[in-house]
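Listed here are the chains, written in short residue letters.
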Amino acid sequence: MSGPRLLAGPDLGAGAEGYADHVRRLGPTTLAGRALIEALVRSGVTGRGGASFPAGLKWRALAATSKGSAVIVVNGAEGEPQSHKDRLLMRTRPHLILDGAFLAARTLRAASVVVYVGEEHRAAYAAMERALRERPEAERRVARMAAAPHRYVAGESSAAVHLIDGGIATPTTTPPHSRERGVAAAPTLMQNVETLAHIALIARYGDAWYRSMGRRGAAGTLMVTIAGGVKKPGVLEIEAGITIGEAVAMAGGLSEPAAAVLLGGYFGAWMPAVKAWELPLDAEALRAGGLGLGCGVIGVQPASRCGVCDTARIMRYLAEESSAQCGPCFFGLRALSDACSRVAERGTNRDDMARLKRWAVEVQGRGACKHPDGAVMFLRSALSTFSDEFASHPAHWRQQPA
Amino acid sequence: MSDTILWYTTRGAGAVSMILLSAVVVLGVLSSLRFHSAGWPRFLTPALHRNLALMTLVFLALHVVTAVVDPFTHLGWVAAIVPFSSYYHTVWLGLGTIAFELLVAIAVTSLLRDVIGQAAWRAIHWLAYASWPVAVIHGFGTGTDALSAWFVVLSIVCVVSVTIAIVYRLLQPPADPLASARGEFRSGVSRRPNQ
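So the protein sequences, as listed, match chains A and B. For what it's worth, our numbering labels the leading residue of the first sequence as 1, then goes sequentially. For what it's worth, our numbering labels the leading residue of the second sequence as 403, then goes sequentially.
No lab work stands behind these hints, which were simulated from the structure alone. Errors might be hidden in some of the hints.
As the list claims (entries may be wrong) - Between beta-carbon pairs, the in silico distance windows are: (1) A:R334 / B:Y531: 32 to 38 Å; (2) B:R571 / A:G347: 57 to 63 Å; (3) B:S433 / A:G33: 54 to 60 Å; (4) A:A391 / B:E586: 33 to 39 Å; (5) B:D516 / A:D165: 20 to 26 Å; (6) A:D388 / B:D516: 43 to 49 Å; (7) B:G519 / A:K357: 33 to 39 Å; (8) B:S582 / A:D388: 49 to 55 Å; (9) A:R346 / B:P443: 22 to 28 Å; (10) B:S589 / A:A14: 35 to 41 Å.
Stated by the list, open to error - Covered by chain B, according to a simulated footprint, are these stretches of chain A (three or more residues, beta-carbon under 8 Å): (11) 143–153; (12) 167–181; (13) 372–379.
For every residue, glycine included, the Cβ atom is placed at its ideal position computed from N, Cα and C.
My request is simple: use the sequences and hints to build the entire structure.
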C-alpha cells in the first residue's frame with residue numbers, strides 16, 4: 001500500500017470526516033493494551049510535535065506509572081508560524097486523532113482527555129469540538145477542550161500543563177517532566193495530534209503495516225509543511241525517508257532558484273540548499289547529523305531573498321515570544337535580535353558580529369524551558385549557512401515580512 | 403608558638419571578620435536592587451557576596467581556633483560550640499558563638515540550596531539579619547580592643563554602612579526588570595478563571 005495514510009479517504013476540501021463515515025471507512029481498532037504498546041515500540045513511530053521522541057517508549061513509561069489517574073493531552077496548539085499540518089489534520093480527520101487519544105486513555109488507564117488546540121486555529125478548534133460531541137457517551141464524559149493562547153511557547157508541554165491547571169500558558173521548570181507530574185500532578189501523556197492519528201492506524205493494521213512504507217530505513221509517513229519558494233506550498237503527507245529534494249518536487253518543484261532551507265521551523269536550523277536536497281526526511285537519520293525534523297516545516301529560501309534580513313526578522317519574533325520569566329532568555333534574545341537587526345539595517349560591523357557569536361553560545365541552556373536554546377541554535381545555523389552574507393551585508397532591510 | 407602571637411591573631415581575625423561580614427551584609431542587602439553599570443556587571447554583586455562570605459568563615463575559623471588553643475585563655479572547645487558555657491565573659495562570648503553558628507547554618511544551606519529548595523534556603527538566609535548585629539555586640543562586649551579608638555571607628559563605619567544599605571534598600575521600589583514584561587506576557591496567555 002502506498003499513497004497517503006492519514007489523509008486517505010474523502011476529499012480534504014469536504015472538511016471534517018464525520019464519526020459515522022470514519023467508522024464505516026476504517027472499522028474498529030483491533031489492538032489494545034500491552035499488545036498495542038509493544039506494536040508502537042516496534043513500529044518506531046515518533047512524536048511529531050518537534051521532539052521526535054519514540055511514542056512507544058513514552059506509552060510504556062506512562063503505563064508503568066499510571067494508576068488510573070493519568071491524563072492524556074492531545075496537543076494541537078501548533079504555535080510554529082509556518083506549520084499548518086496539525087490544523088489541516090484537525091480540520092479534516094478529527095476522529096483519527098480522537099481514536100488515538102481514547103486508545104491512549106484506555107491503554108494507559110487515564111482519567112481524562114484534554115484536547116488542547118490553538119485559539120487562533122478557529123476552524124480546527126470547531127472541528128475538534130464537533131468531533132468530540134459525535135463520540136460515544138463514555139468517551140465524551142472524560143474529554144474536554146482547552147484553548148491554547150496564540151503564543152509560540154504555548155504548545156511546550158509544561159506550558160500546556162500550566163494552562164490546563166493554572167490558566168496561564170507559561171512554561172515551568174522541568175524536571176519534573178509532565179510525563180511524571182503533569183496535569184493535576186498526575187502522569188500526563190502529551191502527544192501531538194499527528195502522532196495520535198498514526199497510532200489510530202497502527203492499532204488497526206499493526207506495526208508491520210506501518211513499516212511497510214518508508215525509505216532508506218525510515219518507517220511510515222510524515223506530514224510536512226512546505227513553505228517558501230516552491231510552486232505549490234502547503235501540507236503534504238510524504239513517505240518517511242524521502243529526501244528534501246523529492247519532497248520539494250512533490251510540492252511542484254522550485255518556483256525560483258533556492259539558496260537555503262530552514263528545516264524544522266523557527267526552532268530548526270538553516271542549511272545550504274545543496275546540502276538539504278540530499279537529506280532524508282527521517283528524524284533518526286537527521287539526528288545522526290546533528291539536525292532535527294522538528295514539526296516538519298521545510299522552508300525553502302529563494303536566492304532572491306536576503307538570509308540576513310529574514311534571520312533578523314525571525315530572531316525579533318523569537319525574542320518577543322519569550323515569556324519574560326528567565327533573564328538570559330528575555331534579555332539575551334532581545335540583545336541578539338537587536339544586534340542582528342543592526343547588521344540587517346545598517347550593514348555588517350565587526351562589533352555586532354562578535355556579539356552575535358559570543359552571546360549565541362552564552363544564552364544556551366540558561367532558560368527554564370528550551371526557548372532560548374532553540375533560538376540560538378537557529379541563529380548559529382544562520383551564521384554558518386549565511387556566513388558570506390553576514391560577513392558583507394550592505395546597509396539595507398531588503399524585505400518586509402513575508 | 404608564642405602565646406602573644408595567638409592572642410594578636412585572635413583579635414586581628416575578629417576585627418577582619420567584622421569588616422568582611424559587614425561587607426557581605428551590605429552586598430546581600432543591595433543584591434535585590436540588581437545594580438549594574440558598564441564597569442560593574444550584575445553578576446558581580448552576588449559573586450562578591452558569596453566569595454566574601456566564604457572568606458569571612460575562614461577568618462572566623464582563625465578567630466575561634468586561635469582563641470581556643472591559646473593556653474592563656476583556658477576557654478576549651480565546648481565554649482566555642484555551646485553558647486553561654488564559657489566562664490569568661492559568659493554572655494558576650496556566648497553571643498559570638500551564636501553569631502558564628504548562625505553563619506555556618508547560612509553557609510551550609512547555601513551550599514545545599516539545590517537539595518533543600520529555594521523557600522527553605524531563603525528562610526534560613528534571613529538569619530543573617532540576626533547574626534550580624536549579634537556578632538557586632540560580641541565584639542563590643544568581649545573585645546580587648548573594644549575601647550581603643552581604631553576599633554570604635556571601625557565598628558561605627560561597619561554599623562553605619564549596613565544601616566545606610568538597609569535604609570536605601572527599603573526606600574527603593576522593587577527592581578525586577580522583568581516584572582512589567584512578564585505581567586504583559588501573562589495577561590496575554592492567561593485564561594483564568596474557567597475558559
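Each hint, compared with the structure:
{"no.": "1", "hint": "A:R334 / B:Y531: 32 to 38 Å", "verdict": "holds, 36 Å"}
{"no.": "2", "hint": "B:R571 / A:G347: 57 to 63 Å", "verdict": "violated, 45 Å"}
{"no.": "3", "hint": "B:S433 / A:G33: 54 to 60 Å", "verdict": "holds, 56 Å"}
{"no.": "4", "hint": "A:A391 / B:E586: 33 to 39 Å", "verdict": "holds, 37 Å"}
{"no.": "5", "hint": "B:D516 / A:D165: 20 to 26 Å", "verdict": "holds, 25 Å"}
{"no.": "6", "hint": "A:D388 / B:D516: 43 to 49 Å", "verdict": "holds, 45 Å"}
{"no.": "7", "hint": "B:G519 / A:K357: 33 to 39 Å", "verdict": "holds, 37 Å"}
{"no.": "8", "hint": "B:S582 / A:D388: 49 to 55 Å", "verdict": "violated, 40 Å"}
{"no.": "9", "hint": "A:R346 / B:P443: 22 to 28 Å", "verdict": "holds, 26 Å"}
{"no.": "10", "hint": "B:S589 / A:A14: 35 to 41 Å", "verdict": "holds, 40 Å"}
{"no.": "11", "hint": "143–153", "verdict": "holds (count 4)"}
{"no.": "12", "hint": "167–181", "verdict": "holds (count 4)"}
{"no.": "13", "hint": "372–379", "verdict": "violated (count 0)"}
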